[in-house]
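**Student:** Take a look at the letters that make up each chain.
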Amino acid sequence: MSDSSDKSLLILCRRAPGGSAQPRELLDIALTAAAFDCAPQLLFADDGVCQLLPGHDFTGLIEALPVYGIERVFVDAQALARRGIDPARLLLPATPLDAAEIADLLDAQQLLLGG
Amino acid sequence: MALLHIVNRSPFEHSALPSCLRLAKRGSGILLIEDATLAASAAGEWAERLSAAMVEHPLYVLLSDFRARGFGEAQLIAGATAVDDAGFVALVCEYDASLSWR
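As given, the protein sequences belong to chains A and B, one line each in that order. Under numbering that gives the first Met the number 0, the first residue of the first sequence is numbered 0, with each subsequent residue one higher. Under numbering that gives the first Met the number 0, the first residue of the second sequence is numbered 0, with each subsequent residue one higher.
The hints are simulated quantities; they were obtained by calculation from the structure and are not laboratory data. Accuracy of the hints is not assured; some may be wrong.
Said to hold, decoys possible - Simulated coverage check for chain A against chain B, where a stretch passes if three residues somewhere in it have a Cβ under 8 Å from a Cβ of chain B: (1) 92-102; (2) 105-113.
Said to hold, decoys possible - Derived, one-sided and incomplete: chain A residues facing chain B with beta-carbon distance under 10 Å: (3) L9; (4) L11; (5) R13; (6) R14; (7) Q21; (8) T31; (9) A44; (10) D45; (11) D46; (12) D75; (13) A78.
Beta carbons: idealized from backbone N, C-alpha and C, even for Gly.
Just chain A, same shape as in the assembly (with noise of 0.2 Å):
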């Protein structure tokens, strides 16, 4: 168990809900790691940042995340910028983050599990 909390691990989350599975079951491998005491980092990109948005079938889960001690959250500021989603209207407050640093926080992790 020290090992896995000693690795940095980054989920990164990019498909809408409504379609597949997929999103969810991403969003469950996360809980497990956090329940092994290597809570995540999420990035919603692409069409992924709609699962921040309320009304679907899985927004229980998105607002638990910090409860599960899943804090650091981020969000693609361009997707939003692009599907016109304001950012008041997310579920969580995800930080926003442009294009070089998430660069820079996709090239810091040890572990990460894409979708």
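Starting from the known structure of chain A, arrange chain B on it as the hints suggest.
**Tutor:** Just chain B now, with coordinates in the frame of chain A:
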């Protein structure tokens, strides 16, 4: 040795490759597998963008997947490195971490 981005979706159908190119840090590697290898056609419309990307990123293409889609090494974009399955594994070991863009 930085991060290896692995893309398997066709850029003609999905946003995985364009997003990867936008968000990859200079020096990180990009490996195209499965349908993403379609981007590596020298005469295709992605060639120009990939050539520009190769200024900042080493580009690798899984040759068996490129071949399985009707292309050959002669059609591979200049500057890209063709790899076989063993080369794929070697790359994953060489880089510090990998990220699959699915």
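**Student:** If a hint holds in the structure, say so; if it does not, say that too.
**Tutor:** Hints, one by one, checked against the model:
1. 92-102: As far as the segment 92-102 of chain A goes, the hint holds, because 3 residues have Cβ atoms under 8 Å from chain B.
2. 105-113: Held - the segment 105-113 of chain A has 8 residues with a Cβ nearer than 8 Å to chain B, which meets the minimum of three.
3. L9: holds, 8 Å
4. L11: holds, 7 Å
5. R13: Holds. Min distance 7 Å.
6. R14: With a closest approach of 9 Å, the R14 of chain A hint holds.
7. Q21: holds, 8 Å
8. T31: violated, 18 Å
9. A44: The hint holds - A44 of chain A has a Cβ within 10 Å of chain B, the shortest such distance being about 6 Å.
10. D45: Since the shortest Cβ distance to chain B is 5 Å, the answer is holds.
11. D46: holds, 8 Å
12. D75: With Cβ-Cβ at 8 Å, under 10 Å, it holds.
13. A78: Hint on A78 of chain A: holds, closest Cβ of chain B at ~8 Å, below 10 Å.
The structure shown violates just one earlier hint, number 8.
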